[in-house]
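Between the sequences and the hints, there should be enough to build the whole structure, so can you do that?
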Amino acid sequence: NAGVMQNPRHLVRRRGQEARLRCSPMKGHSHVYWYRQLPEEGLKFMVYLQKENIIDESGMPKERFSAEFPKEGPSILRIQQVVRGDSAAYFCASSPARLAGVDTQYFGPGTRLTVL
Amino acid sequence: RKEVEQDPGPFNVPEGATVAFNCTYSNSASQSFFWYRQDCRKEPKLLMSVYSSGNEDGRFTAQLNRASQYISLLIRDSKLSDSATYLCVVNGAGTALIFGKGTTLSVSS
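Going down the list, the sequences are from chains A and B. Counting with the working numbering, you get residues 1 to 116 for the letters of the first sequence. Counting with the working numbering, you get residues 1 to 109 for the letters of the second sequence.
Just so you know, these hints were derived from the structure itself, not from any lab. Nothing here was measured: the structure is a model prediction, and the numbers come from that model. Yeah, the Cβ is synthetic: ideal placement off N, Cα and C, and Gly gets one too. Keep in mind that a hint or two might mislead.
[Unchecked claim] No more than 25 Å apart at the CA atoms, straight line, and that leaves these computed lysine to aspartate or glutamate pairs for DMTMM-like:
| no. | chain 1 | residue 1 | chain 2 | residue 2 |
| --- | --- | --- | --- | --- |
| 1 | B | Lys-79 | B | Asp-7 |
| 2 | A | Lys-62 | B | Glu-3 |
| 3 | A | Lys-71 | A | Glu-57 |
| 4 | B | Lys-101 | A | Glu-40 |
| 5 | B | Lys-45 | A | Glu-41 |
| 6 | B | Lys-2 | A | Glu-72 |
| 7 | B | Lys-2 | A | Glu-52 |
| 8 | B | Lys-101 | A | Glu-18 |
| 9 | B | Lys-79 | B | Glu-3 |
| 10 | A | Lys-44 | B | Asp-39 |
| 11 | A | Lys-71 | A | Asp-56 |
| 12 | A | Lys-44 | B | Asp-77 |
| 13 | B | Lys-2 | B | Asp-57 |
[Unchecked claim] Computed, partial: chain B to chain A, Cβ under 7 Å:
| no. | residue |
| --- | --- |
| 14 | Cys-40 |
| 15 | Gly-54 |
| 16 | Glu-56 |
| 17 | Ala-96 |
| 18 | Gly-100 |
| 19 | Lys-101 |
[Said to hold, decoys possible] Sample of chain A residues lacking proximity to chain B, with all beta carbon distances greater than 12 Å (derived):
| no. | residue |
| --- | --- |
| 20 | Ser-24 |
| 21 | Glu-41 |
| 22 | Arg-84 |
This is how it looks when you write it as structure tokens:
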């Protein structure tokens, strides 16, 4: 049973470009969470999604960031017009449908975004 | 006051030592509590959930004091492989996990 998968593992973008980060949850999990870890900082919640629905986006920056979890395919975190301050590790986690938020969240290996 | 606070360390201990980490949280409505472990530049991995009655998993013991909003992790007989950053994690009133910044442990031979 494959764990949470994220790709790419490393992504380099120049300022002003777009970054697309993908996350496939564990089999049987329908809840996806995105977290960001800045250098020397703890993980910060960004957004919580179920299939075709954004449930909680209270941690998302108001501009340039968006997330989706379509009916088919992986969840996508999209960052438009990246800036150097977006350089970070972006982790995706998933949990089963039973008790979202209370159930254990399992993390993917992360995407390390570097903005030049 | 930060939502989840931990002593950042580092804790430098010899093999075989017993070491304890503490954590406090600010939201009294928090429902679930965890310790995660994060190795350098890798994803957090669940070490153990923390229950009000306290729980033990091998060399690891976790305690929760809801009245004081305090969580602890005790590691006995430290191994070199225990070297990592230990993250205190609280599930808030919503669905997000709230992470502390972590406590770094270095076990040496």
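(request) Output the numbers, in ascending order, of every earlier hint that fails for this structure. (result) 6, 7, 8, 9, 12, 13, 14, 15, 16, 21
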